[in-house]
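Trainee: Listed below, chain by chain, are the residues.
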Amino acid sequence: DAGVIQSPRHEVTEMGQEVTLRCKPISGHNSLFWYRQTMMRGLELLIYFNNNVPIDDSGMPEDRFSAKMPNASFSTLKIQPSEPRDSAVYFCASSPHETQYFGPGTRLLVL
Amino acid sequence: TQLLEQSPQFLSIQEGENLTVYCNSSSVFSSLQWYRQEPGEGPVLLVTVVTGGEVKKLKRLTFQFGDARKDSSLHITAAQPGDTGLYLCAGPSTGTASKLTFGTGTRLQVTL
Numbered sequence: 092d093a094g095v096i097q098s099p100r101h102e103v104t105e106m107g108q109e110v111t112l113r114c115k116p117i118s119g120h121n122s123l124f125w126y127r128q129t130m131m132r133g134l135e136l137l138i139y140f141n142n143n144v145p146i147d148d149s150g151m152p153e154d155r156f157s158a159k160m161p162n163a164s165f166s167t168l169k170i171q172p173s174e175p176r177d178s179a180v181y182f183c184a185s186s187p188h189e190t191q192y193f194g195p196g197t198r199l200l201v202l
Numbered sequence: 002t003q004l005l006e007q008s009p010q011f012l013s014i015q016e017g018e019n020l021t022v023y024c025n026s027s028s029v030f031s032s033l034q035w036y037r038q039e040p041g042e043g044p045v046l047l048v049t050v051v052t053g054g055e056v057k058k059l060k061r062l063t064f065q066f067g068d069a070r071k072d073s074s075l076h077i078t079a080a081q082p083g084d085t086g087l088y089l090c091a092g093p094s095t096g097t098a099s100k101l102t103f104g105t106g107t108r109l110q111v112t113l
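Line order of the protein sequences matches chains V and Z.
Under the numbering used here, the first residue of the first sequence carries the number 92, and numbering increases by one thereafter.
Under the numbering used here, the first residue of the second sequence carries the number 2, and numbering increases by one thereafter.
Because the hints were derived from the structure by calculation, they are not lab data.
Any given hint could be a false lead.
Listed below are the simulated EDC-like cross-link pairs for lysine to aspartate or glutamate, each with C-alpha atoms no more than 16 Å apart in a straight line [said to hold, decoys possible]:
(1) Lys100(Z) x Asp154(V)
(2) Lys57(Z) x Asp72(Z)
(3) Lys169(V) x Asp148(V)
(4) Lys100(Z) x Asp148(V)
(5) Lys100(Z) x Glu135(V)
(6) Lys100(Z) x Glu102(V)
Pair by pair, the computed Cβ-Cβ distance ranges are [stated by the list, open to error]:
(7) Gln15(Z) x Asp154(V): 25 to 31 Å
(8) Arg100(V) x Val56(Z): 35 to 41 Å
(9) Glu109(V) x Leu113(Z): 43 to 49 Å
(10) Thr167(V) x Gly17(Z): 42 to 48 Å
(11) Arg198(V) x Asn19(Z): 30 to 36 Å
(12) Leu4(Z) x Leu200(V): 25 to 31 Å
(13) Asn143(V) x Ser31(Z): 23 to 29 Å
(14) Arg155(V) x Thr63(Z): 40 to 46 Å
(15) Ser164(V) x Leu4(Z): 30 to 36 Å
(16) Val56(Z) x Ile96(V): 34 to 40 Å
(17) Pro187(V) x Thr52(Z): 17 to 23 Å
(18) Ser13(Z) x Arg198(V): 23 to 29 Å
All residues carry an ideal CB built from backbone N, CA and C; glycine is no exception.
Take the sequences, apply the hints, and build the full model.
Mentor: So this is what it looks like as structure tokens:
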């Protein structure tokens, strides 16, 4: 079992650029979550999907953030335009029920 | 809003010492989970406690769920450098089993 796969693992970009983070959940898991983690704010839920449908996006900071899940095996989180305050580690997690399985994260630095 | 407060926020101890981490809420949870996150990795589930008063042991780690299901503790005996990491408690959000409310976290460092 490969676990949750995220790409890229590291991203450095300049303010104003578009950033796309990718996630492949564990096969058979029907829920997918996007989190952001910083030292100041801890682990924050941005959005989650159930059976590919967005259920709760109340954690998405603003319109610059968008997420899609076109099928059961792929999801993207897009930031456009990116800002320095978006710098953080972004995690994707998938779940069959209550337990969540996290990917290794994408460390994003916006200069 | 369900909140999970963890204490202490930071803990630095020497190898061989014992420690306890607390997870408290004013809300009742049907269950609580404990995750450990090592540097550069995502959180990994350690244990789930379901019944009020339940105690679970995982080698040197002892987890307890409060009788009222509002709090939990994690006790580590004879800490080792490999225990270093961020410890997070989490509980299912009201109305949905798959969405979790995560605690504020306890960052533990164990030195030789």
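Trainee: Is 42 to 48 Å right for how far apart the beta carbons of Thr167(V) and Gly17(Z) are?
Mentor: holds, 46 Å
Trainee: Taking the CB of Glu109(V) and the CB of Leu113(Z), does the distance hold inside 43 to 49 Å?
Mentor: holds, 45 Å
Trainee: Against the range 23 to 29 Å, how does the distance between the Cβ atoms of Ser13(Z) and Arg198(V) compare: consistent or not?
Mentor: Given a distance of about 24 Å, which is inside 23 to 29 Å, the answer is holds.
Trainee: Honestly, do Arg100(V) and Val56(Z) meet the 35 to 41 Å range at C-beta?
Mentor: Distance hint for Arg100(V), Val56(Z) holds at roughly 38 Å.
Trainee: Quick check on a hinted range of 17 to 23 Å for Pro187(V) and Thr52(Z), using CB atoms only.
Mentor: holds, 22 Å
Trainee: Decide if the proposed pair is consistent with the structure: Lys169(V) and Asp148(V), CA atoms, cutoff 16 Å inclusive.
Mentor: holds, 13 Å
Trainee: Within 40 to 46 Å: is that where the Cβ-Cβ distance between Arg155(V) and Thr63(Z) falls?
Mentor: Because 44 Å falls inside the window, the suggested range holds.
Trainee: For the pair Ser164(V) and Leu4(Z), does the Cβ-Cβ distance stay inside 30 to 36 Å?
Mentor: holds, 34 Å
Trainee: Would you mind confirming whether the straight-line C-alpha gap from Lys100(Z) to Glu135(V) stays at or under 16 Å?
Mentor: holds, 12 Å
Trainee: Is Lys100(Z) within 16 Å of Asp154(V), Cα to Cα?
Mentor: violated, 22 Å
Trainee: Should the hint that Arg198(V) and Asn19(Z) are 30 to 36 Å apart at their CB atoms be regarded as holding?
Mentor: With Cβ atoms ~33 Å apart, the hint holds.
Trainee: Is it true that Gln15(Z) and Asp154(V) lie within 25 to 31 Å of each other by Cβ?
Mentor: With a Cβ separation near 49 Å, Gln15(Z) and Asp154(V) fall outside 25 to 31 Å, so the hint is violated.
Against the hints set out earlier in the document, violations occur for numbers 1, 6 and 7.
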